[in-house]
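Keeping their order, the protein sequence lines are chains A and B. Quick note on UniProt numbering: the first sequence kicks off at 1 and runs consecutively. Quick note on UniProt numbering: the second sequence kicks off at 1 and runs consecutively.
If you're looking for bench data, these hints aren't it; they were derived computationally from the structure. All C-beta atoms, glycine included, are put in the ideal place defined by N, C-alpha and C. Do not rely on the hints blindly, as some may be mistaken.
Derived DSS-like pairs: lysine-lysine, alpha-carbon spacing no greater than 27 Å straight-line [unchecked claim]:
(1) A/Lys262 x A/Lys333
(2) A/Lys29 x B/Lys92
(3) B/Lys88 x A/Lys29
(4) B/Lys299 x B/Lys310
(5) B/Lys299 x B/Lys29
(6) B/Lys139 x A/Lys29
(7) A/Lys153 x B/Lys219
(8) B/Lys92 x A/Lys88
(9) A/Lys92 x B/Lys29
To give an idea of the chain A side of the interface with chain B (calculated C-beta under 10 Å), a few residues [as the list claims (entries may be wrong)]:
(10) Gln33
(11) Arg34
(12) Thr39
(13) Phe132
(14) Ile182
(15) Asp344
(16) Ile346
(17) Val350
There are 2 protein chains.
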Amino acid sequence: MTSPASHPASGTLSYEQAGVNYDLIDPLKVAAQRAAAATGAHLAHHGFSEVAASRGESAYVVDVGPFYIASIVECLGSKALVADEMNKLTGKSYYDSIAQDTIAMAINDLITVGATPLVVQAYWAAGGSDWFSDAQRAKALVDGWKRACDTCKVAWGGGETPALAGIVADGRIDLAASCTGIINPRERLSVGDKLGAGDAIVLLASSGIHANGLSLARKLVERLPNGYLTEVEPGVSYGEALLAPTVLYSPVTEALYAAGVKPHYCANITGHGWRKLLRHPATLTYRIHSVPSVTPVLKFMQEHAKQDDKEAYSTLNMGAGFALFVRAEDAQKTVVVAKAQGIDAIVAGVVEAGPKKLIVEPLGIEFGDDALQLR
Amino acid sequence: MTSPASHPASGTLSYEQAGVNYDLIDPLKVAAQRAAAATGAHLAHHGFSEVAASRGESAYVVDVGPFYIASIVECLGSKALVADEMNKLTGKSYYDSIAQDTIAMAINDLITVGATPLVVQAYWAAGGSDWFSDAQRAKALVDGWKRACDTCKVAWGGGETPALAGIVADGRIDLAASCTGIINPRERLSVGDKLGAGDAIVLLASSGIHANGLSLARKLVERLPNGYLTEVEPGVSYGEALLAPTVLYSPVTEALYAAGVKPHYCANITGHGWRKLLRHPATLTYRIHSVPSVTPVLKFMQEHAKQDDKEAYSTLNMGAGFALFVRAEDAQKTVVVAKAQGIDAIVAGVVEAGPKKLIVEPLGIEFGDDALQLR
């Protein structure tokens, strides 16, 4: 890892320079994953079993007999810091969008295994009781949270609203969501055993940066003449554009099932950008022949961070928020179903026999087997 | 509410003075609860329904047909700050205990509705990547988390380990756990409809402060000559005593079901201390004829905070971590089953027809209907 100080201010800005050091987190992650894996056997005590293939996937799945239960907890990350800065500049509260982002982090992961999200729990840990005294902001958070639940047809079960002075920074809030769903009928289980050569790759449009890459986005603002108010396109500031809420994809996965399409695999494109297309453990080549148009704020970020395509696509979603791997004959139908839910989609590529590799043909870039280490 | 400044340093120290202002949190809570309640109807879209009586209880319950699913997310609170201070003083890491506390917050709530906990997810949000570089501390957290999962026979499904510089305070960690369980068979559902006059109240022993009342405990340390190293009893410091891990009660509730005892109601005694015995919405009188022995650290806190019994029992668990309301004829059996799991228990009282009231006869104190507003 290179330290930020060794680069001139105008140089390339990578994710590590923006302050997230995965080298320090990963040893703990590995230890935690090993310890966690050893606990799966406890389920036998209750007459159940884990779906071992879900370890390393985006949600954990338990076989309870008539169906499967999937569960997850997900963090918003640092996007709320952008909302706080923009609030200072515009007086508006963006916490309705932030609420949707938080729920999307959980829901969009949960659905990758074929689950229907049923219950969301809210985790809103504030830096002190006074966070909640801003009535406009608190109302926006509640309203946005409810609206996202309505969109996904999930029940908001409850949650926690602790005031954690000394742990959460003063004036800030740490937002997360947990989600429980079921995979019903059982044949909806999607943990990758069906993925194979010949499958089509359908990419669903993102709305912008979603909630990954925000450390980079916040670092970049230091380079902009008008900071968050710098225009990304006429009439749209960088801050506003960043705060476009993350797309909720569960209406698409539910509509697909209703239309008879059962994805062979799904990948939520979050941290690590398009490298997430390499998530499946199998040795397969993913050949992309069409890329979606890049959301203006992401194009803007790429330019100002002076990233080449390889770096940009390995960090940001670049217009694609969710990938569906479906039978070739279901590809067009998948696009039609997504569009009917108001979410743009394209048939972007194909899965081929071959070495583990992602080839983005229109851009002339490739990512190999070593590009993503999640397990 | 009275401000801390209006009391001399040697005066009575209440929970509000210790920095938690429930008046500011509650309006948001009420708005969130209303919005959440309106989302329960979404479950019909999936062919399911919520158990409406679980709204306002400690875990949210969905009827999925063959059984019920319960879910929850819970925060540790500020106990990790004590571990951090004690680490400076002793060089030891207490994060194995802290891990158990965090899981206990979720599990002990989930089991109140009759659920068997199946999956725990970890939410470990650090103030920066470097939190994870203290290998001893990170290992303690992982080991303690796994051990608590082993005790409760739950699968550790996974979780989130974000580095949230600027949101979580530098050098700190925000810990929470989500938990999903099932209520199986359906007759184990316990949302209070069976509670009635004549039921016995069995109290299960706590190990100390557990993870509620820590703001008060931390404030109190300013009054102690040797701070956290002040002895609570010979050879045991205040800090060590506070860090006794919260008892995990699910082995007791599982053993009770195996022994044929189905509680009519359960209350996890957390914030609001014994006022949690008034949690059930019915108009009933709870008459306590025997109180458990008070854990030394809680006795110590009561003395140094100069609290009378009414204030102490309305804030701290005072030796009782969990309440089981059972048929009178099951009371002794409940005690025997708990003790067989290594957890002390007493038949403490009885439920009577009468106004909503908790009468603690041995101490001559009462709490009325207005003592607890959770719904």
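Check: Are there hints from earlier that the structure breaks, and if so, what are their numbers?
Finding: Numbers 5, 7, 8, 15, 16 and 17 - these are the hints that the structure violates, sorted from lowest upward.
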